[in-house]
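Q: Protein sequence lines correspond, in order, to chains A and B.
Per our numbering, the first sequence starts with residue 1, numbered consecutively.
Per our numbering, the second sequence starts with residue 306, numbered consecutively.
Treat the hints loosely; a few may be bogus.
[Said to hold, decoys possible] Each pair of labels, with its calculated beta carbon distance range: (1) Val364/B - Arg218/A: 50 to 56 Å; (2) Ala348/B - Gly268/A: 49 to 55 Å; (3) Leu118/A - Gly329/B: 44 to 50 Å; (4) Thr333/B - Arg78/A: 25 to 31 Å; (5) Val364/B - Pro24/A: 24 to 30 Å; (6) Arg78/A - Thr362/B: 43 to 49 Å; (7) Ala346/B - Leu225/A: 42 to 48 Å; (8) Leu281/A - Glu334/B: 24 to 30 Å; (9) Gly264/A - Ala346/B: 45 to 51 Å; (10) Glu334/B - Val250/A: 26 to 32 Å; (11) Pro24/A - Val330/B: 27 to 33 Å; (12) Val330/B - Arg201/A: 25 to 31 Å; (13) Tyr194/A - Gly367/B: 33 to 39 Å; (14) Ser344/B - Val246/A: 47 to 53 Å.
No lab work stands behind these hints, which were simulated from the structure alone.
Think of the CB as a built atom: it goes at the ideal place given N, C-alpha and C, for glycine as much as any other residue.
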Amino acid sequence: MSVTLTRAEPSIAGAGDYIELMKPRVMSLVVFTALVGMLVAPVHVHPVIGFAALLCITVGAGAAGALNMWYDADIDARMARTAGRPIPRGRITRGEAAGFGFTLAGFSVVTLGLLVNLLAAALLAFTIFFYVAIYTVWLKRSTPQNIVIGGAAGALPPMIGWASATGNLAIEPIVLFLIIFFWTPPHFWALSLYRIGDYARAGVPMLPVVAGEGETRRQIWLYTLLLTPLGVAPWLLGYAGLIYGVAALVLGAGMFVLALRVRGESGGHTACKQLFAFSILYLFLLFAMLLVDRMSGGLFGHFAT
Amino acid sequence: MTMASETMNELRKPPTNEQWPRGGVRLTEEQLRARRTRSIAIALALAAFVVVIFAVTIVRLGSGALTRPIYMQPAQPTQGAK
Chain A
1 MSVTLTRAEP SIAGAGDYIE LMKPRVMSLV VFTALVGMLV APVHVHPVIG
51 FAALLCITVG AGAAGALNMW YDADIDARMA RTAGRPIPRG RITRGEAAGF
101 GFTLAGFSVV TLGLLVNLLA AALLAFTIFF YVAIYTVWLK RSTPQNIVIG
151 GAAGALPPMI GWASATGNLA IEPIVLFLII FFWTPPHFWA LSLYRIGDYA
201 RAGVPMLPVV AGEGETRRQI WLYTLLLTPL GVAPWLLGYA GLIYGVAALV
251 LGAGMFVLAL RVRGESGGHT ACKQLFAFSI LYLFLLFAML LVDRMSGGLF
301 GHFAT
Chain B
306 MTMASETMNE LRKPPTNEQW PRGGVRLTEE QLRARRTRSI AIALALAAFV
356 VVIFAVTIVR LGSGALTRPI YMQPAQPTQG AK
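So that you can see chain B by itself, here it is in the shape it has in the complex (with noise of 0.2 Å):
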């Protein structure tokens, strides 16, 4: 068996320690409120973000942002072009 293999074995063993109660971490009340908070405050930071670049995305563009074509035709070769 090499060592690589050893180790994993060791990891997939259910863990004896105490530090790893058998049902998981319980959070308590403070970490539970700590958590929450940063939580909320990822996810307003995210949606500012997505606000500032939707923002600057339409004023970089200007007012072609709404009369962009979907779809532009390739260019047609001109006369006389082999």
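Extracted from the complex, chain A is given alone in its bound form (with noise of 0.2 Å):
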């Protein structure tokens, strides 16, 4: 009996390269939003509890990422956005993604646990099962409501940081799941209607690639309805005040008249990229005001009333 040994090549994967797999940007994005639903909270937090959270969230964000470009690296290397990925690349090889993945959603889930409360770890564990194995494996290459079902992993971050602060869940941490949750779909299709090659080549069946692109145009118009009142919401339930209200009456007036562009735009892609670039701003903005409103003390919130 003969036994053929094969050796890997040494790895000339760096820390950066790790960083990337973990999508900084996405991630920054997950802990503004966890860190917005931590301090609205009603009540007090100590620093190193809540940084310690923070850290937990932000690790498992990144160990989600990391299992997104695992599972997705045959796509993202026929994607001219995702070609440059560590995996794609060849700096990262595909078991060595998994095991860091792995190995950051354990321990994040557990240090969470261990550290804050476990319904903050339920939650961070939850998020990163329905991001991986949900969204990645099972909608994203199987139906062009990926994004939108998929889209509930992203908005979570603001429930665990929620939940990291008080041990429970309220309706304003859920408010704040649905303002992105009915963000994602315009976000992302805007972003798809300018890469629909891409989405095409890759096998992706994102709405753009199979209902055309005017269907798209309509739903984002559609979604972006819904937003807008979702947006003011926290000032119209009454835990947020006027400064937050104004923002949010602003903000989704943006996203609106983007919104009503991109339905009556034909040809071109002007309008689908304004708006993806501002519904990043409009979400930045909208949570950080809430950060602010909260930081005043509710001074304007007495205006409101």
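Put the complex together from the two separate chains, hints included.
A: And the structure:
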């Protein structure tokens, strides 16, 4: 009996490649929304406990990103936007990415459970599971509703932040969840409209590829119609003040006008690019204003009621 | 001889394949540099992990961390207890 041994080439991946594997830009938005969820909770969080919770959420989000790149390496290699990621570039092997992702996922969930509380840990575990197993493995390659349902994973961080602070859930973090959930389709479909060739080549059934540009533009507008009042909801429900309410109205109007322009646009993709860029600013400013409003001690809230 | 021991004997033989150079695998400059950055990153991550665990432990225990007795007397039986 003969045994053939093969040797893997020693890795050339540096620390930077592993950081890239964690999708730092997505991670920063996750951390920010989780921080807002934590700080708007009506309880005092010890800074050290808060920092530990945020660190665990950050690492958990990075683990989900790494596992997404592990599973989607074949798709990433075929798309111009993702061809420069560490696995398609040959810097990191799929096995290394999987090992890295699963290890960080396990560590982040267990550490959050031990240091903060079990509800936050359970929500983080569910988020990673949903993003990797439900979105990446199942939905992304099988339905044009992939980013709609999968968007739930990206919408959960404010709930994890709130749960880290309070140990329970309430209507406030659920509204924050809904804002991100309904923000995701206009954001990603605006991107997929001007990257339609990429998605078609990779065989990803994004809405513009499956249902056409016209239907996608119509659905972007419909989801923005739902998003705009949801953005104002924290003020209408009385747990954010006037400063937030005015900001949410102005930002929502911006999203609405751009979505309308996307709907009316034919031939070009200028409005799509503008909507994609503005949607990032919209979510960031909306959550930042919520934080400013809460940090100002509800000073402006008295004028609203 | 069992199949398991045959396999082990094959594995013990010095490799003749060109994939396994004599004297071990020599890393290139790029591979050495990459390994060094990975090692530093792992060391920093472990140090940060230790600091976070330590800090949270102190916060959770509060001032009791400094005043807790190292040895606690076992509870004395109350009077009248048999």
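Q: Can you let me know if the beta-carbon spacing of Ala346/B and Leu225/A is within 42 to 48 Å?
A: holds (46 Å)
Q: Honestly, do Val330/B and Arg201/A meet the 25 to 31 Å range at C-beta?
A: violated (38 Å)
Q: Given the hint of 49 to 55 Å, check if Ala348/B and Gly268/A actually sit that far apart at their C-beta atoms.
A: holds (51 Å)
Q: Quick one: are Leu281/A and Glu334/B within 24 to 30 Å, going by C-beta?
A: Check failed, 43 Å falls outside 24 to 30 Å.
Q: Could you see if the CB distance from Ser344/B to Val246/A stays within 47 to 53 Å?
A: At roughly 52 Å between Cβ atoms, Val246/A and Ser344/B fall inside 47 to 53 Å, so the hint holds.
Q: Holds or violated: 25 to 31 Å for the Cβ distance of Thr333/B and Arg78/A?
A: For Thr333/B and Arg78/A the Cβ distance comes to about 30 Å; the hint holds.
Q: Range hint 26 to 32 Å: satisfied by the CB atoms of Glu334/B and Val250/A?
A: violated (55 Å)
Q: CB of Arg78/A to CB of Thr362/B, is that within 43 to 49 Å?
A: holds (48 Å)
Q: Has the hinted range 45 to 51 Å been met by the Cβ atoms of Gly264/A and Ala346/B?
A: holds (49 Å)
Q: Lying within 50 to 56 Å: is that true of the beta-carbon distance Val364/B to Arg218/A?
A: About 52 Å separates the Cβ atoms of Val364/B and Arg218/A, which means 50 to 56 Å holds.
Q: Is 33 to 39 Å respected by the C-beta to C-beta distance linking Tyr194/A and Gly367/B?
A: violated (55 Å)
Q: Is the gap between the beta carbons of Pro24/A and Val330/B within 27 to 33 Å?
A: With Cβ atoms ~32 Å apart, the hint holds.
Taken one by one, the earlier hints fail for this structure at numbers 8, 10, 12 and 13, listed in ascending order.
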